[in-house]
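If you're matching them up, the sequences are chains A and B in order. Each residue of the first sequence is one higher than the one before, starting from 1 at the first, in UniProt numbering. Each residue of the second sequence is one higher than the one before, starting from 1 at the first, in UniProt numbering.
Please keep in mind that the hints were generated in silico from the structure rather than gathered at the bench. Hints are supplied without guarantee of correctness; some may be wrong.
Taking beta-carbon pairs under 7 Å as the criterion, some of the chain B residues facing chain A (in silico) [as the list claims (entries may be wrong)]:
1) Tyr20
2) Arg24
3) His25
4) Gly26
5) Ile27
6) Ala135
7) Ala204
8) Ala251
9) Ser254
10) Val276
11) His284
12) Thr287
13) Leu290
14) Leu309
15) Arg310
16) Gln313
For each residue, glycine too, the CB sits at the ideal point set by N, CA and C.
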Amino acid sequence: MEHVDFSPLGDSGIVIKLGDAIDQATQQKVMAIADYLEEHPLPGMVEYVPGYTTVTVYYDPVAWYDPRAADKPYERFKALLAGKLLHIRPDEQTPPRLVEIPVCYGGDFGPDLPDVAAYHGITPEEVIRIHSEQEYLVHMIGFAPGFPYLGGLDKRIATPRRQSPRTAIAPGSVGIGGEQTGVYPIESPGGWHIIGRTPERLFRPEEQPPSLLRAGDRVRFCPISQEEFEKRGRTAR
Amino acid sequence: MSMEVISPGLYTTVQDLGRYGYQRHGIIVGGAMDTLAMRMANLLVGNDPNAAVLELTLKGPVLLLHEDMLLAVCGADMQPAVDGKRIRSNRPVWVKKGSTLKFAHAKKGCRAYLAVAGGWDVPPVMGSRSTNVRAGFGGAWGRTLREKDRLQPGKPSELGRLFAEQLRARSMTQHAGCSEMGWFVPPHVFPYQKEAVIRVMRGAEFDHFTKESRQHFFAQSYQLATQSDRMGYRLEGPELALESPLELISAAVSTGTIQVPPNGQPIILLADRQTVGGYPKIGHVATVDLPILAQLRPGDRVQFQEVSLREAQQALYEQETALQQIRLGIEINAGWRQSK
Numbered sequence: 001m002e003h004v005d006f007s008p009l010g011d012s013g014i015v016i017k018l019g020d021a022i023d024q025a026t027q028q029k030v031m032a033i034a035d036y037l038e039e040h041p042l043p044g045m046v047e048y049v050p051g052y053t054t055v056t057v058y059y060d061p062v063a064w065y066d067p068r069a070a071d072k073p074y075e076r077f078k079a080l081l082a083g084k085l086l087h088i089r090p091d092e093q094t095p096p097r098l099v100e101i102p103v104c105y106g107g108d109f110g111p112d113l114p115d116v117a118a119y120h121g122i123t124p125e126e127v128i129r130i131h132s133e134q135e136y137l138v139h140m141i142g143f144a145p146g147f148p149y150l151g152g153l154d155k156r157i158a159t160p161r162r163q164s165p166r167t168a169i170a171p172g173s174v175g176i177g178g179e180q181t182g183v184y185p186i187e188s189p190g191g192w193h194i195i196g197r198t199p200e201r202l203f204r205p206e207e208q209p210p211s212l213l214r215a216g217d218r219v220r221f222c223p224i225s226q227e228e229f230e231k232r233g234r235t236a237r
Numbered sequence: 001m002s003m004e005v006i007s008p009g010l011y012t013t014v015q016d017l018g019r020y021g022y023q024r025h026g027i028i029v030g031g032a033m034d035t036l037a038m039r040m041a042n043l044l045v046g047n048d049p050n051a052a053v054l055e056l057t058l059k060g061p062v063l064l065l066h067e068d069m070l071l072a073v074c075g076a077d078m079q080p081a082v083d084g085k086r087i088r089s090n091r092p093v094w095v096k097k098g099s100t101l102k103f104a105h106a107k108k109g110c111r112a113y114l115a116v117a118g119g120w121d122v123p124p125v126m127g128s129r130s131t132n133v134r135a136g137f138g139g140a141w142g143r144t145l146r147e148k149d150r151l152q153p154g155k156p157s158e159l160g161r162l163f164a165e166q167l168r169a170r171s172m173t174q175h176a177g178c179s180e181m182g183w184f185v186p187p188h189v190f191p192y193q194k195e196a197v198i199r200v201m202r203g204a205e206f207d208h209f210t211k212e213s214r215q216h217f218f219a220q221s222y223q224l225a226t227q228s229d230r231m232g233y234r235l236e237g238p239e240l241a242l243e244s245p246l247e248l249i250s251a252a253v254s255t256g257t258i259q260v261p262p263n264g265q266p267i268i269l270l271a272d273r274q275t276v277g278g279y280p281k282i283g284h285v286a287t288v289d290l291p292i293l294a295q296l297r298p299g300d301r302v303q304f305q306e307v308s309l310r311e312a313q314q315a316l317y318e319q320e321t322a323l324q325q326i327r328l329g330i331e332i333n334a335g336w337r338q339s340k
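With the hints as extra help, turn the sequences into a complete structure.
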């Protein structure tokens with residue numbers, strides 16, 4: 001990989017910028033670098049965080065500090081990273097996983113489903129159909145433990161956030177906020193429209209990795225009944 | 001056999017140096033806000049710098065010791081006392097079983113650190129003993145301490161046992177319930193300032209701010225708003241405006257990142273910050289100065305001073321070197337180095 005843009009993030013981070021827009025080619029580069037760093041951690045590297053168009057690598061500037069060297073830690077770590085990137089091919093990454101997330105739409109689990117339908121002048125069933133027939137891409141995990149930033153929401157159901165945010169949204173709630181959709185892994189405040197809930201746990205502190213999803217995954221939501229939700233909920237917890 | 005919480009104080013949590021390696025799963029780093037005071041407290045009781053300590057905030061707890069303990073307190077001055085008798089910070093202190101250790105309101109600073117020889121023994125989650133209060137895991141039961149909680153110290157190091165023996169013998173001859181070392185870490189090692197001057201590097205979007213905003217940022221001072229916590233400090237002062245609106249794609253942020261939301265009032269992201277963000281970044285606090293910030297309270301003022309990335313990294317290296325020298329000094333004071 002060549003023609004990559006590096007910039008510092010404070011004194012302990014370096015941002016590798018791989019594009020200016022959210023698109024598939026950029027995502028592939030991001031994932032290729034993330035896969036590489038996962039397999040080959042660099043000396044003095046603390047961790048890496050994939051984003052929409054970036055991979056941020058945190059390093060230990062003290063470990064990379066050599067009072068005799070003319071170059072300071074940032075330059076030295078950047079040189080190492082740039083050298084490694086030359087050998088990474090975006091087309092050689094592992095194929096994406098498809099993760100199916102069961103969702104019980106509407107009812108008590110999705111109190112805002114009628115509002116979303118009314119906003120677009122369609123039926124709740126149509127909202128469910130549109131939301132669940134799309135395949136989504138996990139661009140990155142953030143905001144909360146295991147929370148996926150998903151790309152691919154159909155514009156026909158994109159809905160501006162609620163006027164007043166809720167103070168507590170139950171874990172597993174599936175929401176639509178603007179042109180984004182996602183699942184709240186832990187109880188959090190939030191302004192998204194809640195259209196359903198999954199019995200699947202997105203944040204699993206006792207497991208390794210602790211997140212069900214990871215950047216690069218493909219996601220599909222599968223409608224389930226309330227009985228199915230209860231059944232799956234019991235086995236999942 | 002443990003330490004019991006009689007009164008928890010304002011916001012008391014178990015912290016180590018943080019949970020690294022999981023930000024890509026959306027899991028915050030957390031950890032002690034003032035890593036300098038926290039590491040110093042650990043070194044004074046012979047611990048690894050990453051051992052779990054208690055972080056006390058503004059008003060400390062009252063603790064009942066059900067066993068003899070070697071302790072050290074660093075950071076904010078919360079006037080710790082054992083059964084009513086003041087003990088001093090920045091040195092090892094041995095306290096006898098059955099004593100009550102009481103912290104008051106912070107007279108100076110905001111956060112104090114209580115280390116015990118062996119560290120507080122809570123189960124590590126994802127490689128760290130830090131408390132993630134929002135997600136409810138790590139530390140002691142994933143929350144702030146409460147009345148009647150009991151915490152257990154881990155196994156002390158050889159150095160910790162040596163200090164404890166020396167001080168226990170001294171307290172026996174003095175018939176006292178506690179005794180402290182005559183030597184201490186000199187306070188000037190801690191760079192705390194009331195009117196803090198904080199070194200800041202330019203952020204990625206610095207040049208997108210108006211000329212006036214850029215000047216104000218480094219020339220004027222900002223005041224910590226009341227809604228300042230472990231996640232971030234909200235600042236109040238001259239408004240920072242962009243030349244023209246910026247649509248940024250969310251990406252990773254760092255501890256010390258200074259971001260500017262649309263209201264023009266900067267926010268400094270701290271230990272419990274989110275892993276990603278999308279607001280323009282006007283600057284980044286040099287890591288070396290984060291301990292100074294950690295000791296500020298709502299209402300205090302900060303002034304930003306521009307430094308280069310090189311200067312920030314060099315200052316951090318120098319601070320780490322000084323810390324290593326203090327570590328050696330502590331071991332030499334114990335007569336431990338020579339005897340080995």
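Now the hints, each set against the structure:
| no. | hint | in the structure |
| --- | --- | --- |
| 1 | Tyr20 | 5 Å, holds |
| 2 | Arg24 | 5 Å, holds |
| 3 | His25 | 4 Å, holds |
| 4 | Gly26 | 4 Å, holds |
| 5 | Ile27 | 5 Å, holds |
| 6 | Ala135 | 5 Å, holds |
| 7 | Ala204 | 6 Å, holds |
| 8 | Ala251 | 4 Å, holds |
| 9 | Ser254 | 4 Å, holds |
| 10 | Val276 | 4 Å, holds |
| 11 | His284 | 4 Å, holds |
| 12 | Thr287 | 5 Å, holds |
| 13 | Leu290 | 10 Å, violated |
| 14 | Leu309 | 5 Å, holds |
| 15 | Arg310 | 5 Å, holds |
| 16 | Gln313 | 4 Å, holds |
Checked against the numbered hints listed earlier, the structure breaks hint 13 alone; every other hint is satisfied.
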